[in-house]
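For reference, the chains in residue letters:
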Amino acid sequence: MSISPFLRSPFTDITGGMLSHQMLGKCQKEEIRYMDCLEAYGLDRGRVKCAHIFEDFHECQTNTKQFKRFMAMRRERDRQIADGKLKGDNKYVSPKVDSY
Amino acid sequence: MADACQVVRKQDLPPPGGYKPIPFKRVPAKQYFSGYTLFAGYIGMTIGAIYLYRLNALRIQKHEVEMRSSKMAIYPMLLAERDREYLKQLRRNRDAEAELMKDVPGWEVGTYYGEPVYKLVPQDTLVEPIFHEYYAHTNPVDWFRRAYIKLRS
Numbered sequence: 000m001s002i003s004p005f006l007r008s009p010f011t012d013i014t015g016g017m018l019s020h021q022m023l024g025k026c027q028k029e030e031i032r033y034m035d036c037l038e039a040y041g042l043d044r045g046r047v048k049c050a051h052i053f054e055d056f057h058e059c060q061t062n063t064k065q066f067k068r069f070m071a072m073r074r075e076r077d078r079q080i081a082d083g084k085l086k087g088d089n090k091y092v093s094p095k096v097d098s099y
Numbered sequence: 000m001a002d003a004c005q006v007v008r009k010q011d012l013p014p015p016g017g018y019k020p021i022p023f024k025r026v027p028a029k030q031y032f033s034g035y036t037l038f039a040g041y042i043g044m045t046i047g048a049i050y051l052y053r054l055n056a057l058r059i060q061k062h063e064v065e066m067r068s069s070k071m072a073i074y075p076m077l078l079a080e081r082d083r084e085y086l087k088q089l090r091r092n093r094d095a096e097a098e099l100m101k102d103v104p105g106w107e108v109g110t111y112y113g114e115p116v117y118k119l120v121p122q123d124t125l126v127e128p129i130f131h132e133y134y135a136h137t138n139p140v141d142w143f144r145r146a147y148i149k150l151r152s
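Protein chains in written order, with numbering that gives the first Met the number 0: chain A, 0 to 99; chain B, 0 to 152.
Keep in mind the hints are simulated off the structure, nothing from the lab.
Only a predicted model underlies this, so the values are computations on that prediction, with no experimental measurement involved.
One should not assume that every hint holds.
Here are the computed lysine-lysine pairs in the DSSO-like style, where the Cα-Cα straight-line distance is at most 30 Å [to be verified]:
1) Lys29/B to Lys95/A
2) Lys118/B to Lys28/A
3) Lys86/A to Lys48/A
4) Lys48/A to Lys84/A
5) Lys87/B to Lys67/A
6) Lys25/A to Lys149/B
7) Lys25/A to Lys70/B
8) Lys87/B to Lys101/B
9) Lys64/A to Lys70/B
10) Lys90/A to Lys64/A
11) Lys25/A to Lys118/B
12) Lys84/A to Lys61/B
13) Lys87/B to Lys61/B
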């Protein structure tokens with residue numbers, strides 16, 4: 000399978016794409032949806048039309064939004080602890096061992 | 000010169016009857032077994048040992064099967080318990096997030112300032128959290144205990 004219109008760089012021009020999420024990866028659905036969309040609209044229009052689909056795929060690949068969420072929550076919690084709003088046992092909500 | 004040698008001198012001579020004979024013959028140790036008996040004993044003991052070894056090995060095999068069966072029997076329950084605790088903790092995390100971020104303007108629970116994590120999935124889909132998100136509200140001690148579990152085990 001070639002990934003070249005979908006992701007293009009000098010390296011994909013001289014080599015074949017050998018890895019993708021279609022090998023039962025976590026982002027299988029997001030990737031195939033984005034590639035189908037690109038196939039339907041072409042590369043240039045697809046970039047605009049498939050922006051939402053791309054964002055989902057990007058999120059699945061990088062987990063950026065989830066990490067940003069964590070950063071915001073931790074910052075807020077640290078701030079509240081520093082302000083003295085959270086005290087004692089209310090400071091943290093710890094999960095039980097072996098649950099993740 | 001003859002006058003000087005008058006004293007009778009005693010010459011060193013063999014004892015009467017001559018010296019005892021020199022024991023030059025080899026004295027071998029007493030042999031309890033012949034070579035063939037040794038071979039037969041070796042083979043017999045080996046066979047006996049193999050028999051005993053086999054008895055023991057069978058017992059150990061039985062124990063191993065028993066242990067494996069027990070583990071396989073208990074595994075689904077442990078898995079289900081883990082999943083149950085995971086889902087419960089997701090709810091606890093959600094509630095903690097709602098409680099924590101209620102004063103933050105523009106924040107909705109499960110989103111990044113109102114922006115959903117995945118835009119095109121249905122509303123009731125379970126978006127699995129990454130480690131950081133799952134442990135976002137955790138005491139740092141527990142965090143590090145889980146994050147570096149491989150260094151500890």
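### Violated hints, by number in ascending order, as checked against the structure
Hints 1, 3, 4, 9, 12 and 13 contradicted; others consistent.
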